[in-house]
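Novice: Given next are the chains, with one letter for each unit.
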Amino acid sequence: MEEDAQASFAFEGRWRDYAPIAFTNLLLTIVTLGIYRFWGTARSRRYLWANSRFIDDHLEWTGTGKELFVGFLMVIVLIGLPFLFLQFGAQALILQGREELAAALTLAAFFTIFYFTGVARFRALRYRLARTWWRGIRGGSDDSGFGFGVQYMWRTMIAYAPMGLLIPWSMMSLWNRRMNRMSFGSETLVASGRARPLMGRFLLFYLAPLLFVLLAIATAGTFGSELGGGVRVMSNFPPVLRIIAFLVIFVGVYVLLGLIALAYYAAFLREAISNLHWGGLQFSFEASTDDWLALFFGDIALVVLTLGIGAIFLDYRHWKFFITHLGASGEINLDQLGQSQTKASRHGEGLLDAFDVGAF
Amino acid sequence: MSQFQLWHYDGETATRRIVKLRADAHGFRLEDVENDWTGQRISWSDLLFIGREAGRSAYGHRQIPGWRLGFSGDAPPDIAARLPGGERYGRWIDRFGLWPAAGAFALAAAVVVYGVLQSPAWLAPLVPQSWENSMGDAMVGDLGGRVCHGGAGEAALAQMVAKIDPKGEAREVVVTNIPLINAITLPGGRIILFDGLLQQAQSPDEVAGVLGHELGHVRHRDTLAGLIRQLGLSVVLGGFSGDAGGYLNGALALSYGREAEDAADGVAIEQMRAAHVSPAATAGFFERLGHVEGDDDAARAMTWLSSHPLSADRRARFAGAVDKNAQYAPALDTVQWKALLAMCASDPDVADPWGRQK
Numbered sequence: 001m002e003e004d005a006q007a008s009f010a011f012e013g014r015w016r017d018y019a020p021i022a023f024t025n026l027l028l029t030i031v032t033l034g035i036y037r038f039w040g041t042a043r044s045r046r047y048l049w050a051n052s053r054f055i056d057d058h059l060e061w062t063g064t065g066k067e068l069f070v071g072f073l074m075v076i077v078l079i080g081l082p083f084l085f086l087q088f089g090a091q092a093l094i095l096q097g098r099e100e101l102a103a104a105l106t107l108a109a110f111f112t113i114f115y116f117t118g119v120a121r122f123r124a125l126r127y128r129l130a131r132t133w134w135r136g137i138r139g140g141s142d143d144s145g146f147g148f149g150v151q152y153m154w155r156t157m158i159a160y161a162p163m164g165l166l167i168p169w170s171m172m173s174l175w176n177r178r179m180n181r182m183s184f185g186s187e188t189l190v191a192s193g194r195a196r197p198l199m200g201r202f203l204l205f206y207l208a209p210l211l212f213v214l215l216a217i218a219t220a221g222t223f224g225s226e227l228g229g230g231v232r233v234m235s236n237f238p239p240v241l242r243i244i245a246f247l248v249i250f251v252g253v254y255v256l257l258g259l260i261a262l263a264y265y266a267a268f269l270r271e272a273i274s275n276l277h278w279g280g281l282q283f284s285f286e287a288s289t290d291d292w293l294a295l296f297f298g299d300i301a302l303v304v305l306t307l308g309i310g311a312i313f314l315d316y317r318h319w320k321f322f323i324t325h326l327g328a329s330g331e332i333n334l335d336q337l338g339q340s341q342t343k344a345s346r347h348g349e350g351l352l353d354a355f356d357v358g359a360f
Numbered sequence: 001m002s003q004f005q006l007w008h009y010d011g012e013t014a015t016r017r018i019v020k021l022r023a024d025a026h027g028f029r030l031e032d033v034e035n036d037w038t039g040q041r042i043s044w045s046d047l048l049f050i051g052r053e054a055g056r057s058a059y060g061h062r063q064i065p066g067w068r069l070g071f072s073g074d075a076p077p078d079i080a081a082r083l084p085g086g087e088r089y090g091r092w093i094d095r096f097g098l099w100p101a102a103g104a105f106a107l108a109a110a111v112v113v114y115g116v117l118q119s120p121a122w123l124a125p126l127v128p129q130s131w132e133n134s135m136g137d138a139m140v141g142d143l144g145g146r147v148c149h150g151g152a153g154e155a156a157l158a159q160m161v162a163k164i165d166p167k168g169e170a171r172e173v174v175v176t177n178i179p180l181i182n183a184i185t186l187p188g189g190r191i192i193l194f195d196g197l198l199q200q201a202q203s204p205d206e207v208a209g210v211l212g213h214e215l216g217h218v219r220h221r222d223t224l225a226g227l228i229r230q231l232g233l234s235v236v237l238g239g240f241s242g243d244a245g246g247y248l249n250g251a252l253a254l255s256y257g258r259e260a261e262d263a264a265d266g267v268a269i270e271q272m273r274a275a276h277v278s279p280a281a282t283a284g285f286f287e288r289l290g291h292v293e294g295d296d297d298a299a300r301a302m303t304w305l306s307s308h309p310l311s312a313d314r315r316a317r318f319a320g321a322v323d324k325n326a327q328y329a330p331a332l333d334t335v336q337w338k339a340l341l342a343m344c345a346s347d348p349d350v351a352d353p354w355g356r357q358k
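Protein sequences, first through last, are from chains U and P. So for the first sequence, UniProt numbering puts the first residue at 1; every next one is plus one. So for the second sequence, UniProt numbering puts the first residue at 1; every next one is plus one.
Some clues are possibly wrong.
Unchecked claim - Capping the alpha-carbon separation at 25 Å, the derived lysine to any residue pairs in SDA-like fashion look like this: (1) P:K324 with P:D313; (2) U:K343 with P:F49; (3) P:K20 with P:L83; (4) P:K167 with P:W99; (5) P:K20 with U:R201; (6) U:K66 with P:S234; (7) U:K66 with P:A101; (8) U:K320 with P:I50; (9) U:K66 with P:D46; (10) U:K343 with P:L47; (11) U:K320 with P:A54; (12) U:K66 with P:V111; (13) P:K324 with P:S203; (14) U:K320 with U:Y47; (15) U:K66 with P:R52; (16) P:K20 with P:W92; (17) U:K66 with U:D142; (18) P:K338 with P:I64; (19) P:K20 with U:Q336; (20) U:K66 with P:T13; (21) U:K320 with U:R14; (22) U:K66 with P:W92; (23) U:K343 with P:R62; (24) P:K167 with P:L126; (25) U:K343 with P:K338; (26) U:K66 with P:W99; (27) U:K320 with P:S72; (28) U:K66 with P:R62; (29) U:K320 with P:R62.
Claimed, not checked - Reference listing, derived: stretches of chain U covered by chain P, where coverage requires no fewer than 3 residues with Cβ under 8 Å from a Cβ of chain P: (30) 35–48; (31) 57–66; (32) 287–294; (33) 298–307; (34) 330–337.
To be verified - FRET-style restraints, in silico, Cβ to Cβ: (35) U:V304 with P:A316: 40 to 48 Å; (36) P:I64 with U:F88: 47 to 55 Å; (37) U:R98 with P:W122: 29 to 37 Å; (38) U:S144 with P:I64: 24 to 32 Å; (39) U:D291 with P:D313: 31 to 39 Å; (40) U:F114 with P:I184: 27 to 35 Å.
Just so you know, these hints were derived from the structure itself, not from any lab. Where is the CB? At the ideal position from N, CA and C, for every residue including glycine.
I would like the entire structure built from these sequences, with the hints used as guidance.
Specialist: Quick look at the structure:
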């Protein structure tokens with residue numbers, strides 16, 4: 001079966017059909033003090049997956065609320081409780097004047113979180129692939145992700161050493177590593193994204209210090225304060241104009257920083273996904289920086305204009321964005337594509353839930 | 001019937017088959033006539049509802065992962081009658097219906113939240129005092145050497161404690177070298193007065209009022225109740241993601257706190273009456289602190305007032321407790337008061353507020 005890139009993935013859901021799911025999830029989540037949200041997540045994913053077409057058939061989500069709930073409880077017991085004691089202990093040690101020991105404990109806690117963030121990222125993707133079915137087959141991985149946690153720690157730490165210059169390499173190598181351990185059906189995923197094409201966008205971040213100097217001058221000019229070193233900035237504008245000018249520059253600096261981050265992330269996903277292969281297929285992700293901007297500001301407008309209620313549609317928007325821009329081209333022999341032989345973990349993405357990181 | 005088309009995946013390969021269903025009493029077989037293929041016999045009771053979306057229905061098999069049977073539109077009646085139903089909101093909620101279930105959950109949630117808010121006050125007295133004491137000691141220890149010592153100052157403090165707390169309900173009352181306008185009660189019945197509070201006070205009667213209030217927290221074991229409540233709330237509200245639970249938690253802990261504060265004020269007034277110390281100065285102290293700190297949120301957050309919200313009612317309560325016919329005496333005489341104020345500054349061994357030994 002040969003595939004044309006953009007036609008291979010399509011999202012066929014309508015927000016009017018999703019609304020009853022979103023609103024009843026919100027209602028039930030509130031009256032159960034938040035516990036229903038695991039079942040709500042499963043319900044909303046069943047809808048999103050079932051309305052996502054890949055080639056000639058739709059995806060299917062088989063994860064359950066109970067799985068997610070059990071995963072959450074496991075994290076509470078295995079990580080949350082020890083952590084509570086650690087935190088209590090560190091506070092007590094500070095009050096007892098044993099700061100060094102408290103600092104050591106806090107550092108140990110920090111590295112534990114750091115490590116499990118990596119593990120969680122891996123296991124979340126593994127869980128999602130294992131619960132995603134298409135034409136009667138599913139994905140998964142036989143890797144537990146504990147090794148990935150170590151990789152995640154040192155690759156992230158080293159990225160910041162030379163003024164953050166290795167961040168694109170770190171991000172891309174971790175992406176490749178994680179994807180290369182995954183499979184769907186009998187075919188493995190092969191990821192070979194490169195960091196070099198991202199460097200141009202990434203270097204824009206180094207403009208940030210300049211922007212902050214600009215911000216400092218604007219602040220000093222607005223309020224007539226010292227810049228340091230005896231330099232005094234004064235402005236003859238009337239106060240209202242000064243404050244407006246300050247706000248424009250202030251907001252401008254942060255918007256610009258956000259734009260750089262968005263531009264970089266858009267480039268990252270394009271590079272990462274267009275070097276992802278599965279069987280004879282090559283994936284692609286054709287979201288430009290403009291598309292990301294529309295998504296980002298659309299999200300903000302949706303949430304602000306509805307006084308926060310619109311937040312229940314964010315998952316829908318993000319999934320639609322992802323599927324709409326995803327593509328695949330090449331050839332795949334479906335008769336040769338067999339069932340996944342990977343072990344399916346029985347509990348959900350509790351770790352990921354606790355640390356609040358995304359699967360992508 | 002001619003339009004009705006069944007598709008099938010066997011869960012072993014991704015091959016899609018268009019099949020006919022040959023039913024018998026308890027099960028069926030799927031046949032792909034064109035490709036001369038017949039599947040194994042499947043019993044109706046093994047079928048599992050997967051989903052129905054945009055008119056497409058899918059069913060799975062309990063024992064064979066990936067086995068799927070699906071169709072578009074409505075199944076013929078003879079097949080439809082045999083197909084299992086599916087879950088919508090979840091098994092429990094489907095059984096009762098959305099609104100009855102939501103009502104029942106809301107009721108249960110209200111009971112749970114009420115229980116978590118109220119039960120610490122009932123539970124705290126059941127915890128042996130010795131447990132609370134050793135837990136408090138383990139948490140706090142010697143406060144990193146920040147406790148102030150000094151002959152005359154310590155004697156003055158002891159004098160005031162003897163007046164306000166004649167039964168010795170508080171296990172320990174100390175002054176610490178920390179320049180915050182604050183006083184706290186720690187688990188284990190220990191009261192800590194901060195030097196900043198002493199320096200801000202204009203008379204020993206004001207300090208006696210604060211001490212009486214903290215003694216109320218000791219008597220009612222409010223700190224232990226607070227710890228239990230925090231633990232309970234964080235468990236109950238753990239289901240909410242992110243900040244929503246945290247804000248709710250803080251708001252609930254605060255609103256409960258006011259009842260305990262009122263009760264502690266009652267203890268303060270009671271103890272001051274028994275000690276013949278006038279509550280008038282304490283009312284003035286509240287008023288003055290309100291003006292000093294009122295405009296500065298950052299400073300407020302660090303003071304006694306942030307956990308002891310100021311209200312006209314509270315001030316009036318202390319002012320109203322003044323008995324015109326009573327014979328009041330100052331909580332300390334001038335010499336003792338000066339010694340108490342100078343205690344931290346004149347202690348050569350006390351650690352500075354940031355924990356460094358001098």
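Novice: If a hint holds in the structure, say so; if it doesn't, say that too.
Specialist: Consistency of the hints with the structure:
1. P:K324 with P:D313: This hinted pair holds, its Cα atoms lying about 20 Å apart.
2. U:K343 with P:F49: holds, 23 Å
3. P:K20 with P:L83: Holds, because 16 Å separates the two Cα atoms, which is no more than 25 Å.
4. P:K167 with P:W99: Violated. P:K167 to P:W99 sits at ~57 Å, over the 25 Å cutoff.
5. P:K20 with U:R201: Roughly 56 Å between the alpha carbons, so the hint for P:K20 and U:R201 is violated.
6. U:K66 with P:S234: holds, 21 Å
7. U:K66 with P:A101: Between U:K66 and P:A101 the Cα gap is close to 18 Å, so the pair holds against 25 Å.
8. U:K320 with P:I50: holds, 22 Å
9. U:K66 with P:D46: Given pair U:K66, P:D46 holds - Cα atoms ~21 Å apart, limit 25 Å.
10. U:K343 with P:L47: holds, 23 Å
11. U:K320 with P:A54: Roughly 17 Å between the alpha carbons, so the hint for U:K320 and P:A54 holds.
12. U:K66 with P:V111: holds, 24 Å
13. P:K324 with P:S203: holds, 20 Å
14. U:K320 with U:Y47: holds, 12 Å
15. U:K66 with P:R52: holds, 21 Å
16. P:K20 with P:W92: violated, 35 Å
17. U:K66 with U:D142: holds, 22 Å
18. P:K338 with P:I64: Cα-Cα ~85 Å, so violated.
19. P:K20 with U:Q336: holds, 24 Å
20. U:K66 with P:T13: violated, 29 Å
21. U:K320 with U:R14: holds, 10 Å
22. U:K66 with P:W92: holds, 12 Å
23. U:K343 with P:R62: This hinted pair holds, its Cα atoms lying about 17 Å apart.
24. P:K167 with P:L126: The hint holds at about 21 Å.
25. U:K343 with P:K338: violated, 75 Å
26. U:K66 with P:W99: holds, 21 Å
27. U:K320 with P:S72: Judged against 25 Å, a Cα distance of about 23 Å means the pair holds.
28. U:K66 with P:R62: holds, 18 Å
29. U:K320 with P:R62: The hint is violated at about 31 Å.
30. 35–48: With 7 residues close enough to chain P, the hint holds.
31. 57–66: With 5 residues close enough to chain P, the hint holds.
32. 287–294: violated (count 0)
33. 298–307: This one is violated; 0 residues, fewer than the three required, reach chain P with a Cβ under 8 Å.
34. 330–337: Per the Cβ count (4), the hint holds.
35. U:V304 with P:A316: 40 to 48 Å: Since U:V304 and P:A316 have Cβ atoms about 43 Å apart, the given range 40 to 48 Å holds.
36. P:I64 with U:F88: 47 to 55 Å: Given range 47 to 55 Å: holds, Cβ gap about 50 Å.
37. U:R98 with P:W122: 29 to 37 Å: The hinted range 29 to 37 Å holds for U:R98 and P:W122, with Cβ atoms some 35 Å apart.
38. U:S144 with P:I64: 24 to 32 Å: Since the Cβ atoms of U:S144 and P:I64 sit about 26 Å apart, the hinted range of 24 to 32 Å holds.
39. U:D291 with P:D313: 31 to 39 Å: Check failed, 58 Å falls outside 31 to 39 Å.
40. U:F114 with P:I184: 27 to 35 Å: holds, 34 Å
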